[in-house]
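> These protein sequence lines are chains A and B, in that order.
FYI, the numbering for the first sequence is 1 to 472, going by my numbering.
FYI, the numbering for the second sequence is 1001 to 1499, going by my numbering.
Derived from the structure by calculation, the hints contain no laboratory data.
It should be emphasised that the depicted structure is a prediction, and the values quoted were computed from it without experimental measurement.
Errors might be hidden in some of the hints.
Unchecked claim - Quick list of in silico lysine-lysine cross-link-like pairs, DSSO-like style, CA-CA up to 30 Å:
1) A:Lys357 <-> A:Lys340
2) A:Lys420 <-> B:Lys1168
3) B:Lys1198 <-> A:Lys440
4) A:Lys440 <-> A:Lys340
5) B:Lys1302 <-> A:Lys420
6) B:Lys1074 <-> A:Lys357
7) B:Lys1198 <-> B:Lys1302
8) B:Lys1033 <-> A:Lys357
9) B:Lys1198 <-> B:Lys1056
10) B:Lys1443 <-> A:Lys420
11) B:Lys1438 <-> B:Lys1372
12) B:Lys1451 <-> B:Lys1372
13) B:Lys1495 <-> A:Lys469
14) B:Lys1110 <-> B:Lys1495
15) B:Lys1114 <-> A:Lys357
16) B:Lys1056 <-> B:Lys1443
17) B:Lys1206 <-> B:Lys1110
18) A:Lys456 <-> B:Lys1438
19) B:Lys1206 <-> B:Lys1405
20) A:Lys420 <-> B:Lys1324
21) A:Lys430 <-> B:Lys1070
22) A:Lys420 <-> B:Lys1495
23) A:Lys357 <-> B:Lys1070
24) A:Lys469 <-> B:Lys1206
25) A:Lys420 <-> B:Lys1114
26) A:Lys357 <-> B:Lys1405
27) B:Lys1114 <-> A:Lys440
28) B:Lys1206 <-> B:Lys1495
29) B:Lys1443 <-> A:Lys430
30) B:Lys1074 <-> B:Lys1168
31) B:Lys1324 <-> B:Lys1114
32) B:Lys1198 <-> A:Lys456
33) A:Lys340 <-> B:Lys1056
34) B:Lys1302 <-> A:Lys340
35) A:Lys430 <-> B:Lys1206
36) B:Lys1302 <-> B:Lys1074
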Amino acid sequence: MIVLEYLYPELILIIGFLTCILIGVFQKNSFDLISKIIILIFFSCLLIFYINPKQEIVVLNNTYSIDHFSVFLKSLILISSIFVLIFTKEYIQRCQINFFEYPILLLSSVIGMFVMISSNDLIGLYLGIELQSLSLYVLASSDKNSIKSTEAGVKYFILGALSSGLFLYGCSLIYGFSGHTNYFLINENINNGNLGVLFGFVFILIGLAFKISSAPFHMWAPDVYEGSPTSVTAFFSLAPKVAGLGALIKILFIAFGNIINEWKLILTIISILSMFIGALAAIGQTNIKRLMAYSSIGHIGYALIGLVTGVSSGLSATLIYISIYVVMNIAVFSCVFFFKRGNVYFENISDLSGLSKNHPILALCFTLILFSLAGIPPLAGFFAKFYIFKSAIETNLYLLAILGLVSSVIAAFYYLRIIKIMYFDNEVDKFDDSYNLGLKISLLLSTFIISFYFIKPDFIINFSNLVVKIFN
Amino acid sequence: MTSLPILSILIFLPLIGVLFLLTVKGDQTYENKICGIVAILTSIITLFISVFIWKKFNYSISSFQFVETKNWIKNFAQYKVGIDGISLAFVLLTTFITPICILATINSVKVRLKEFFICLLLMETFMLGVFCSLDLFLFYVFFEAGLIPMYLIIGIWGGQRRVYSAFKFFLYTLLGSIFMLISIIVIFYDAGTLDVEKLYNLEINKSYQIYLWLGFFSSFAVKTPMWPFHTWLPDAHVEAPTSGSVILAAILLKMAGYGFIRFSLGLFPVASVYFAPLVFVLSIVAIIYTSLVALMQEDMKKLIAYSSVAHMGFVTIGIFVFNKQGIEGSIFQMISHGIVSAALFLCVGVVYDRLHTREISNYGGLVNIMPKYAICFMVFILGSLGLPGTSGFIGEILVLIGSFKFNYLVTFFAATGVVLSACYSLWLYKRVVFGEIKNEKLKTMDDLNFKELLILLPLFFLTIFLGFYPNIILDMIGSSVDHVVNNKSLLNNLKASLK
């Protein structure tokens, strides 16, 4: 029974998942009930993470590890899922996608993410990825009446299946050349010059790069972000990124820690491309969801810089970056759900024209968030970028740091453009007043964190330094 | 020293004003009134605190005073503030100009007054932070944070092409500053600390210094602005509302000059000596070229903006001649330019509020209808061209003396700027104030009212007072400048380069 003790969070999620399906089958119109239950389940998981003595242990025949790293990322996933469930409720009901399957699919994808992060084995990782992706494919097309949403789901599914195929092919190559699927054993059994291992590694990397939508494997992201219901887009931009990055970190540093010099260059290129494509392509966008897709491509590029450094301070910078990114994206999407006029949600940036006159507080919050995304001090986004560049310079990656900063200036342009539309342009009609408490709380809370992060910037870094110890 | 964290109180007091402003609600006129009162009170209390600090300040100590240290980012940066004479001069300039800006805002800005005050007070906090911080990272945070309120001030309350100007201002400065951030991080890994006091005593690796200096230079050169990085300034000035221009010209530009003295000279003596000729060339081009450009301007604000670039050229020359007269002169020139250019922009604002045009050709003969205005404007124009007896003279003459000690060719070219500045300033004055009234609309204009006098008179007296009694500033900065100039490493390199 000693094993089960460590797996409580996963077990709770799985049991909750099955129970919710049963409830959904036997009770009609149970969306409300089920989403409440699922929020409760997420909260209880968070509680378990909090009260459980944090132990580092590898269970299930060395394939599943519970450690600070996984707990950290899982908590991030849980927090973002809770927020998404809370602040999208009104939207889901308005768009009539309030089927009971919706929260259940979200839950099952969270289970998949947990497996992705904790798995120490390529097979486990693959199962996790598939569980997560299949749920997300369905979620993307959950708005059955919208052609765009269906298209998004199909597109995501086809490209996702392709990338999963590449990933599996890579896994089989690795298995062939090292004889193992376990990270630790792979690490012991591969050597530097082996071309087959390198090939397999590249395929695995492509599969994972697709999941975190980093360039040049980002093509699906803008369409899927735009087509999916906004509530699903918000989820896409949060939890799967965290999980994908977690899985990538583990593969890079545990399974392929020996061939670090081989993957550094590949990752550098991916990171530079992501930053610049994210910055340049976003300039022309008019739809805020598409814009956020490119913005998140860019942000992933910055997060990858931390991995390229290959040292623990870089890893810790990446974890800080992704945490702040999650907070900022929660904030952005809580703003997006306010843009509603006569029960229709607006997605075009030009609809925000003159927002600051009609809704000064909302405009102020959104402005702070956008400045933070652009990385202007003293907001949280600046510190996130700062830790990344600090670690890059520590390892003498000057070029990468300079390119990153230049792309951040380019990216600042399109964030400024939104602020310009809100503040400098003439006002149009008012948006509806929102009485949704959950939305308001999540907006104010995240804006508060973003604005006052500078008072105590240490509080995450202490934690993330602890987290990355397992990779030393 | 006192246990009261007086500098932190000074820096963050405007934020308390902002908090008050955020809570004000009511109908428009009531809200504007209350907001005005809160903003003025906040800025005046800040002014009093800075004067109090001045009283307590010990002139004879060259090191930093009122130092406060707190942990901020573990193993990297700390919250450390403190002032020496140079900082004090700029702190006083900031706290003096801000209430004037707020008064000018009440006069001229009609929409969204509350937001404007919030932006101005935020600016004040960030500017004071820049002048007080003794930690490079803290300095950078304050330096960059100022972009946000300034972007909004230009963009929301600006003129026709405000969007273009706001974007240009923001992106230009941001691009310049990122290299400074990289340099700061490199310094940390090289020296192990970002504490300015400690860094003064450490020698930064000479092979790096050149690159680090360039990193800082890219940021300061844009902000100063030095030719050819000055193109954002005329746009920003022309489009910004009056008080935005005042803040920009009076204080924001001085952050860069301050940065040159505090960081470029103090931290990278080798590179500073190495790059001095570059700075001279750029400054001389700036002085001559922008003076000529200023001659041809049709727009009053643009003319003053270009003259600012020329005046800042004197400042950078003075800093990089590395002697006491030069640096004292450039600091004095910055203070004087802070007062005079602020006043000139306010003067333009006065007539703009009445006629809503800045075209010089629309004016002429103002002396007949606005005599008080003509007197004020004249003193500021004379201050700007550096007539003896005004504050502008002291700064220019000290810089010229300092540069003569260093290289008389530099002095020669810089001195042409004195003549040219007289040309464009006097010509501007002649076209606007003298002559016959051609524009019928002008006849309806009133002379300065009480509020405008209240704004302009302090600047008026200060311009003349500093011209006759410059020691009030020179005493303040004297020992700190000695400290900068007597930097051993700087002296050694200077000797080596002169051989």
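> With reference to the structure, classify each hint as holding or not holding.
Against the structure, the hints come out as follows:
{"no.": "1", "hint": "A:Lys357 <-> A:Lys340", "result": "holds, 16 Å"}
{"no.": "2", "hint": "A:Lys420 <-> B:Lys1168", "result": "holds, 13 Å"}
{"no.": "3", "hint": "B:Lys1198 <-> A:Lys440", "result": "violated, 47 Å"}
{"no.": "4", "hint": "A:Lys440 <-> A:Lys340", "result": "holds, 14 Å"}
{"no.": "5", "hint": "B:Lys1302 <-> A:Lys420", "result": "holds, 24 Å"}
{"no.": "6", "hint": "B:Lys1074 <-> A:Lys357", "result": "violated, 41 Å"}
{"no.": "7", "hint": "B:Lys1198 <-> B:Lys1302", "result": "violated, 42 Å"}
{"no.": "8", "hint": "B:Lys1033 <-> A:Lys357", "result": "holds, 19 Å"}
{"no.": "9", "hint": "B:Lys1198 <-> B:Lys1056", "result": "holds, 25 Å"}
{"no.": "10", "hint": "B:Lys1443 <-> A:Lys420", "result": "violated, 39 Å"}
{"no.": "11", "hint": "B:Lys1438 <-> B:Lys1372", "result": "holds, 20 Å"}
{"no.": "12", "hint": "B:Lys1451 <-> B:Lys1372", "result": "holds, 13 Å"}
{"no.": "13", "hint": "B:Lys1495 <-> A:Lys469", "result": "violated, 51 Å"}
{"no.": "14", "hint": "B:Lys1110 <-> B:Lys1495", "result": "violated, 58 Å"}
{"no.": "15", "hint": "B:Lys1114 <-> A:Lys357", "result": "holds, 12 Å"}
{"no.": "16", "hint": "B:Lys1056 <-> B:Lys1443", "result": "violated, 51 Å"}
{"no.": "17", "hint": "B:Lys1206 <-> B:Lys1110", "result": "violated, 54 Å"}
{"no.": "18", "hint": "A:Lys456 <-> B:Lys1438", "result": "violated, 62 Å"}
{"no.": "19", "hint": "B:Lys1206 <-> B:Lys1405", "result": "holds, 27 Å"}
{"no.": "20", "hint": "A:Lys420 <-> B:Lys1324", "result": "violated, 46 Å"}
{"no.": "21", "hint": "A:Lys430 <-> B:Lys1070", "result": "violated, 46 Å"}
{"no.": "22", "hint": "A:Lys420 <-> B:Lys1495", "result": "violated, 52 Å"}
{"no.": "23", "hint": "A:Lys357 <-> B:Lys1070", "result": "violated, 40 Å"}
{"no.": "24", "hint": "A:Lys469 <-> B:Lys1206", "result": "violated, 36 Å"}
{"no.": "25", "hint": "A:Lys420 <-> B:Lys1114", "result": "holds, 19 Å"}
{"no.": "26", "hint": "A:Lys357 <-> B:Lys1405", "result": "violated, 58 Å"}
{"no.": "27", "hint": "B:Lys1114 <-> A:Lys440", "result": "holds, 24 Å"}
{"no.": "28", "hint": "B:Lys1206 <-> B:Lys1495", "result": "holds, 17 Å"}
{"no.": "29", "hint": "B:Lys1443 <-> A:Lys430", "result": "violated, 44 Å"}
{"no.": "30", "hint": "B:Lys1074 <-> B:Lys1168", "result": "violated, 35 Å"}
{"no.": "31", "hint": "B:Lys1324 <-> B:Lys1114", "result": "violated, 44 Å"}
{"no.": "32", "hint": "B:Lys1198 <-> A:Lys456", "result": "holds, 24 Å"}
{"no.": "33", "hint": "A:Lys340 <-> B:Lys1056", "result": "violated, 57 Å"}
{"no.": "34", "hint": "B:Lys1302 <-> A:Lys340", "result": "violated, 43 Å"}
{"no.": "35", "hint": "A:Lys430 <-> B:Lys1206", "result": "violated, 60 Å"}
{"no.": "36", "hint": "B:Lys1302 <-> B:Lys1074", "result": "violated, 46 Å"}
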